[in-house]
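A.B. asks: Sequence:
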Amino acid sequence: MQQHRRMLQPPFSRSRVGQFKPVQKREAVRAALCMVRDPEHWAKAATRFAVGVVLDISYGIELKWTGYCNNNNRYVALLDDASKAIGDAGPPASSIVDRWPLTRHLPAWLPFMERLRYARKWSSAIVQVTNFPFSAALREMLSTSLEKTTKPSFVRERLDVFRRNQQAGVHNDFGMDDIKGSAATILIAGSDTTATAVRLFILYMMQNPRVQKRAQTEIDRVIGTTTLTEMRRLPTWGDMNKLPYLALLLQEVYRSNPLSPLGIPHATLEDDEYRGMLIPKGTVVYPNVWAMAHDPLVYSTPDEFLPERYMPQGSTTIGQTKDDGAPGRGEPFPVGNFGFGRRICIGRTLAENSLLIVFATILATLEIGPPGGEDGQEDQEVQWSFRGQAYPLPFRCSIVPRSGMAVSLLEDSAGDPENRERF
Numbered sequence: 001m002q003q004h005r006r007m008l009q010p011p012f013s014r015s016r017v018g019q020f021k022p023v024q025k026r027e028a029v030r031a032a033l034c035m036v037r038d039p040e041h042w043a044k045a046a047t048r049f050a051v052g053v054v055l056d057i058s059y060g061i062e063l064k065w066t067g068y069c070n071n072n073n074r075y076v077a078l079l080d081d082a083s084k085a086i087g088d089a090g091p092p093a094s095s096i097v098d099r100w101p102l103t104r105h106l107p108a109w110l111p112f113m114e115r116l117r118y119a120r121k122w123s124s125a126i127v128q129v130t131n132f133p134f135s136a137a138l139r140e141m142l143s144t145s146l147e148k149t150t151k152p153s154f155v156r157e158r159l160d161v162f163r164r165n166q167q168a169g170v171h172n173d174f175g176m177d178d179i180k181g182s183a184a185t186i187l188i189a190g191s192d193t194t195a196t197a198v199r200l201f202i203l204y205m206m207q208n209p210r211v212q213k214r215a216q217t218e219i220d221r222v223i224g225t226t227t228l229t230e231m232r233r234l235p236t237w238g239d240m241n242k243l244p245y246l247a248l249l250l251q252e253v254y255r256s257n258p259l260s261p262l263g264i265p266h267a268t269l270e271d272d273e274y275r276g277m278l279i280p281k282g283t284v285v286y287p288n289v290w291a292m293a294h295d296p297l298v299y300s301t302p303d304e305f306l307p308e309r310y311m312p313q314g315s316t317t318i319g320q321t322k323d324d325g326a327p328g329r330g331e332p333f334p335v336g337n338f339g340f341g342r343r344i345c346i347g348r349t350l351a352e353n354s355l356l357i358v359f360a361t362i363l364a365t366l367e368i369g370p371p372g373g374e375d376g377q378e379d380q381e382v383q384w385s386f387r388g389q390a391y392p393l394p395f396r397c398s399i400v401p402r403s404g405m406a407v408s409l410l411e412d413s414a415g416d417p418e419n420r421e422r423f
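The letter at position 301 of the sequence shown is residue 301 when you use my numbering, and the numbering goes up by one with no holes.
Because the hints were derived from the structure by calculation, they are not lab data.
One thing to keep in mind: the hints can contain errors.
[Claimed, not checked] Heads up, simulated DSS-like pairs for lysine-lysine below, C-alpha to C-alpha not over 30 Å straight-line:
1) K21 - K151
2) K44 - K213
3) K180 - K84
4) K64 - K213
5) K180 - K64
6) K180 - K44
7) K281 - K21
8) K44 - K21
Make the full structure from the sequences, and use the hints.
C.D. replies: Here it is as structure tokens:
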């Protein structure tokens, strides 16, 4: 695990994640266009966006684009199986094998070994999602040679380092299995969390038209849209630092529904004391991220979706905000969605870039509302899944383009094949 983390840190540092922005922009446009063409299955667009980004970034493989969100794709299916295998396995560090590793040698038919039976049943899903895309990427690179493969990807970069070290007679402190395992980590972790965040965004925009309108007004002003029929262009990366309300909206998505309500468990390295209570060394600790994000002593009206809460206190305009909760600076940004301390998620900057560009693209081009429209709202109870993460199951909503010009801009940027196939 430490080896994987060392390998992942350089390419996903804040200074280097910019190399992946073209991929994120392309997939954001295609996701929005998917929602235009098949709004009933908007959740497929969220999945396609997430998988398309991390598959390309990890392996240099572009998810096939047919003009529609046809998710009958081997990579999407593999990730779905892997997600099910991990999500249904139960909380991390909670099985008998986690507590006493030697019990993995006991017969799986014993009544208290159901988690071991589950692991053996679903282990093939993890093996498949680890091996298949890596083998496909390796074949592609070998067919073109590494020297001619200029498209950035994690696997290409690591293989290039491995090859150069071998040629120079320098010992590699990592092997092919390390590259393969690290790439699979990016694929599994990045696709699930990103797809969940997009689903949450659609839900909150449907439920909060005022917030949606304010974000759209900000984007329209920045990209020069005076009227919807005169929409000039789609949002670009250069616009992101001019969209402060969008940035606050993203933070409110994180706060309103933490992707992992109980976070990732960690073990204490030494004895600790908290409010007079002893926490012995080796204790498995679950951070209650949900409670932190909904603490009424920290967040006023914590059950409301309110991006304005992060603005400077007493201000009606958006100023600079900080996440340290300094007096007069507005309510603090939520913590814990990407973990804590030394084990905080390496890909958090990459993830936020992905979400900002897809949120901006959707808001600039689409109108999200309740399934019956403004005049015929249908009451519906959104169903939730708590399989590994907390996320809404697909729900009905209205998604329509804001204008014909918006659709034209999406089509011009999506790279549509000449003969689109819906299925």
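A.B. asks: So, for every hint listed, does it hold in this structure?
C.D. replies: Hints, one by one, checked against the model:
1. K21 - K151: With a Cα-Cα distance of about 12 Å, the restraint between K21 and K151 holds, given a limit of 30 Å.
2. K44 - K213: holds, 24 Å
3. K180 - K84: Roughly 21 Å separates the two Cα atoms, so the pair holds.
4. K64 - K213: violated, 33 Å
5. K180 - K64: holds, 22 Å
6. K180 - K44: It holds: about 27 Å lies between the C-alpha atoms, which stays within 30 Å.
7. K281 - K21: violated, 42 Å
8. K44 - K21: holds, 22 Å
Hint compliance for this structure: hints 4 and 7 are broken, all remaining hints hold.
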